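Chains L and E, in that order, are what the protein sequence lines are.
Position 35 of the first sequence, counted from 1, bears residue number 35 in my numbering, the numbering being contiguous throughout.
Position 176 of the second sequence, counted from 1, bears residue number 176 in my numbering, the numbering being contiguous throughout.
Be aware that a few hints might be false.
No copy labels: a pair is met if it fits in one copy or bridges any two.
[Unchecked claim] Straight line, CA to CA, 20 Å or less: simulated SDA-like cross-link-like pairs of lysine to any residue: (1) K30 x T108; (2) K30 x L142; (3) K13 x A48; (4) K105 x I115; (5) K105 x R162; (6) K105 x T56; (7) K105 x G22; (8) K46 x H9; (9) K30 x A70; (10) K13 x L107; (11) K30 x E17; (12) K30 x D178; (13) K30 x E170; (14) K46 x R140; (15) K36 x G66; (16) K30 x L181; (17) K46 x D72; (18) K46 x L69; (19) K46 x L151; (20) K13 x I43; (21) K30 x A59; (22) K13 x E117; (23) K105 x T32.
No wet-lab data here; the hints were simulated from the structure.
What you are looking at is a predicted structure, and each value in this text was computed from that prediction instead of being measured.
These are the residues of each chain, in order.
Number of protein chains: 2
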Amino acid sequence: MESRQRIMHAAAKLFAENGYHGTGVEEISKETQLGKGALYHHIGNKEAVLFEICHTRMADLLTQSGRVLAMDSSYQERFRELMRVALRNIADNVVEWTVSFQEFKALTGQRRVVIQEARERYESMVVEVLEGGARAGEFRVLDPLVTKGILGLYNYSYSWIRPDGDRTPEEIADLFSDSLLEGVLEQRES
Amino acid sequence: MESRQRIMHAAAKLFAENGYHGTGVEEISKETQLGKGALYHHIGNKEAVLFEICHTRMADLLTQSGRVLAMDSSYQERFRELMRVALRNIADNVVEWTVSFQEFKALTGQRRVVIQEARERYESMVVEVLEGGARAGEFRVLDPLVTKGILGLYNYSYSWIRPDGDRTPEEIADLFSDSLLEGVLEQRES
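Chain L on its own, in the form it takes in the complex (with noise of 0.2 Å):
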């Protein structure tokens, strides 16, 4: 099991860094120093390896965001902890993040449905946040295209965040918390 998620991670690597159609398995078994029969007996074929890194993210960022869904706290709240669960995640997992925002569409069939559907059960969670606190009066009504770009906010930090920069990705989320939800316009007192 062990080897297994090091062979993940160094799959995960190569993906990020040449692409996972510009990356053989012959490179994997290198980087590995595993044979491909080794190679296989743990993983499977290099599809099942991509599919695996995108689901691993996934399936964990859904369980953390369901957990802060079920929180009794106020809507906002629990806007701005999902957000800093997500940027954990994304910080402390950075290479396979890559992997999974940029090569999850190579995958084919069934594997290519079930990330699908991972990455619009995450989105609903984001818009359930954002629609119970608007019936509860604490947020406007926004247009549903505006989740997509608050996803965009929080996770294309995958190409610059780390999780040893000066910040913590907590605080990070925060930062972007507040300007989304105080608004970037100076108020006028009147």
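Please build the complex by placing chain E on the supplied structure of chain L, with the hints as guidance.
Okay, now just chain E, sitting in the frame of chain L:
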């Protein structure tokens, strides 16, 4: 020149679908029905093609954005227009932007430096509007990191925006700008 643009677009499609490292010169040759010699004559090597795709997009966006920055209007209006221009550019060239965002790290040496600098120049334009607006009392003072989030909010639309969608790119930009500028929190009258 026409054929040059045709080659660029064909290569961009291949890079977007299979990644830069997953695309061989043979495939570009097949897709464009040009021999390798003719291809080399028109566009040089594969990295030169990737560079030109990224460079054309960035140069275009920088020119359009520079024009917006020079407008004689409020910072809020300039910010809104900057984002309309960005989303229109992304929607009209979605394949090229997909390549620019996902594959530019495959560039090496001076080519990588030029694109990196262009990206930083663009980021500094967004910072200029946000900081100008803060100095003028239109915007709150934002942490510089928030600019990265704002870029994600608009730019990540490359992954789903289409020029012939139900809403125009300008309408989508305005929806995003409304939420970001006004904030998501319901304003209490107090």
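Within, between, both or neither: how does the pair K46, D72 come out at a Cα-Cα threshold of 20 Å? neither (42 Å within a copy, 55 Å between copies)
Could you figure out if K30 and L142 sit no more than 20 Å apart (CA to CA) within one copy, between two copies, both or neither? neither (50 Å within a copy, 47 Å between copies)
For the identical chains here, do K46 and L151 meet the 20 Å Cα criterion within one copy, between copies, both, or neither? neither (29 Å within a copy, 33 Å between copies)
One pair to classify: K105 and T32, alpha carbons no more than 20 Å apart. Within, between, both, or neither? Answer is neither: 25 Å inside a copy and 24 Å across each miss the 20 Å cutoff.
Is the C-alpha distance from K36 to G66 at most 20 Å within one copy, between copies, in both cases, or in neither? Neither: 38 Å inside a chain and 53 Å across chains, both beyond 20 Å.
Within a copy, between copies, both or neither: which one fits K30 and E17 at a CA-CA cutoff of 20 Å? Classified as within; 15 Å inside a copy, 26 Å across copies.
For the identical chains here, do K30 and D178 meet the 20 Å Cα criterion within one copy, between copies, both, or neither? neither (46 Å within a copy, 51 Å between copies)
Quick one: K30 to T108, C-alpha cut-off 20 Å, is that within a copy, between copies, both, or neither? Intra 26 Å, inter 24 Å, cutoff 20 Å: neither.
At 20 Å max between alpha carbons, let me know whether K46 reaches H9 within a copy, between copies, both or neither. within (13 Å within a copy, 29 Å between copies)
As a check of your reading, is K105 near G22 (CA-CA no more than 20 Å) within one copy, between copies, both or neither? This pair counts as both: shortest intra-copy Cα distance 14 Å, inter-copy 14 Å.
Within, between, both or neither, where K30 and A70 count as close if Cα-Cα is 20 Å or less: Neither: 45 Å inside a chain and 54 Å across chains, both beyond 20 Å.
Between the shortest in-copy and the shortest cross-copy C-alpha distance, which are at most 20 Å for K105 and I115: within, between, both, or neither? within (9 Å within a copy, 25 Å between copies)
In summary, the structure is inconsistent with hints 1, 2, 9, 12, 13, 14, 15, 16, 17, 18, 19, 21, 22 and 23 from the numbered list given earlier, while agreeing with the others.
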